[in-house]
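Novice: The chain contents come next:
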Amino acid sequence: MAEPNNTQQHDDSEAGDDERIPPMQAIIDNPFLLLFIGVAVPAVFYTIWGIMEIAAIPIAK
Amino acid sequence: MATTFAHRVCPDTGLKVCRHAEALIKANAVVAIVFLAIGGLFGLLVALTRWPAVHILPADLFYLALTAHGADILIFWIIFFEIAILYFASAVLLNCRLATPRFGWLGFWLMLVGALMANVAVLQGESSVMFTSYVPMQAAPHFYLGLILFAVGALIAVFVFFGTLVVAQHEKTYEGSIPLVTFGAVAAAIIAVYTIASGAIILIPTFLWSIGLIGDIDTLTYRLVWWGLGHSSQQINVAAHVAVWYAIAALTIGSKPLSEKVSRGAFLLYIAFLPIASAHHLLTDPGISSEFKVFNTSYAIYLAVLASMIHGMSVPGAIEAAQRRNGFTRGVFGWLRNAPWGNPAFSGMFLSVVMFGFVGGISGVVLGTEQLNLLMHNTLYVTGHFHGTVAAGTTLAFMAITYLVVPLIFRRELILKGWCKWQPYLFGLGAFGISMLMMGAGTLGVSRRHWDMTFSDATLSFDYPPAAFLMMGLNGVFAVLATIGGIMFIVVVVGSVLVGKPRDEETAKTAPIIFQGGGATISGHGGEATLKLPGTVTLVTVFFISFVLYYFVNWKFLSEVWPLS
Ligand code: HEM
Ligand SMILES: [Cu+2]
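One line per chain: the protein sequences are A and B, in this order.
Numbering follows our numbering, with no gaps: position 25 of the first sequence is 25.
Numbering follows our numbering, with no gaps: position 158 of the second sequence is 1158.
Don't read these hints as lab results, they were simulated from the structure.
Here a beta-carbon is modelled for each residue, glycine too, at the ideal position from N, C-alpha and C.
Accuracy of the hints is not assured; some may be wrong.
What the hints assert, rightly or not - Capping the alpha-carbon separation at 20 Å, the derived lysine to aspartate or glutamate pairs in EDC-like fashion look like this:
#	chain 1	residue 1	chain 2	residue 2
1	B	1016	B	1171
2	B	1016	B	1505
3	B	1417	B	1504
4	B	1509	B	1413
5	B	1016	B	1175
6	B	1172	A	53
7	A	61	B	1218
8	B	1501	B	1171
9	A	61	B	1216
10	B	1501	B	1370
11	B	1261	A	53
12	B	1261	B	1175
To be verified - Some chain A residues well away from chain B (every beta-carbon gap over 10 Å; in silico):
#	residue
13	20
14	23
15	61
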């Protein structure tokens, strides 16, 4: 149980070293941020954009 | 390690295997393989019907079999197996307990009930709508309900995976970032969330429509949202089988990626850009602008294609680097000649890499180009392309890793070693054959999903060139070959699990099946850090030349369809 680690924050503090984590690394290490990107990009560019185009098709009279 | 949990330490890899994860991996893998068997046999029936001289099924049964083939093999086989991969890549590779195993089982049972329900609906004959179930064709309500239950179950499983990542992070069961293979699984899981959400958005209203609660479903909206499911699910496969390639390379010859960073970056591109390629299924649909089509299938998607090329270079490169480190340094291809070709995990993986790239990949980029798509849309070329990706690519990769899952997770020795050795080649050759031949017939215009290519009872008759008939006959022959390969796989796996010799600690020492240190490689970090890879450079050059030539040949074809001069 005894952790040699003195930092208590659970994220960012890998193995207790204080090195600044590069931003790209921080993105890649955060699965929930990735989840957001992975859902938002296709939702906007594919689903929402596509539905807007379909909705804009005039209805035949 | 902070907490204790029910586990065993794997004598082969040294990894901690959580008992719950182990049981769920087994259950999901077994069910997956059952659906592979059922779906494969339907595939054979379909292929034999499309063999003009055999034409085995009557029309109604043909469409029934085609629906069952698509659903059982593309959806149920692949996704059950992927859930097993997610549990392996999280709990096992992170040396951690599985989060909320009860939810894992809930997901499993929902998926199983859903899959059975959809199968019953199809076999009853009232739901021959193909797995795409385009409206206004209507299937029985329990067909849609089955798919919805299956999707809910899969979503639960995906969140058990994410939960396990959180547990591992809190309990500090790994150091630094998660291993590359786990990262690939993260990409697969993320794409799965978008996939399943799209499925829910479209299948729930369609189910309500089938029981009369909703008046009608717009056909174009259906296609748009459905392909958010249908296409993205293929991208789960890509992310998952690329992760499997890296895993097998690590376990069989101890190879590390060329650069972990670059491979991670490629998975990141997958996460952001792969699912938008869904638009390539709408390239001929009216009412949707070219801006939408071109943005989603070209400009942005080339980033995802780039990612695939990175993996396609990185995997053989990593193999070459590892083989050279292992002492096979002679000539340009000595590393390849001396690779463990008799090990089905390795050979299946390598064939999968090559065929996915050359057959599935190149044809996919061609089909995904708006102008070129017009040449082949809805022909058997499409079917040929995706047998290159999902049969020769994903399925072969999953078969390959099963040869490691049986001894490592089921703790059984493989039976029929000779069959094991040949199986990937037979299935691979069969899958290669049907992919190429369907692409060939499609180039001559033969449509997909069509019972009778002779048009015998059509009012306006039409003749395909004789070459098309020849190719569909040969397609049947290769289908038989693929089926034999498939049956061998099922026999070996089921047989080994049932009657294989139990694998104990002794055998792990005397008859190692993984490369020494492979367990640490797959769950650790680091790259090969060399680019002196003449063999890989040669292979990649051949790939690019074929790619470019084939791409431009198709533009030439296109120019001949509508002569402008
Ligand atoms: C024994 C091996 C296989 C054989 C002989 C086979 C054969 C065929 C044939 C002949 C078609 C129908 C073409 C048409 O008329 O439109 C087809 C469709 C299809 N196959 Fe396979 N296949 C095999 C394995 C696989 C695998 C492993 C997968 C996926 C993992 C797969 C996925 C599909 C899908 C999604 C369709 C389209 C169904 C539809 O149009 O609704 N097949 N297959
Ligand atoms: Cu697609």
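Novice: Which numbered hints are broken by the structure, listed smallest first?
Specialist: 6, 8, 10 and 11
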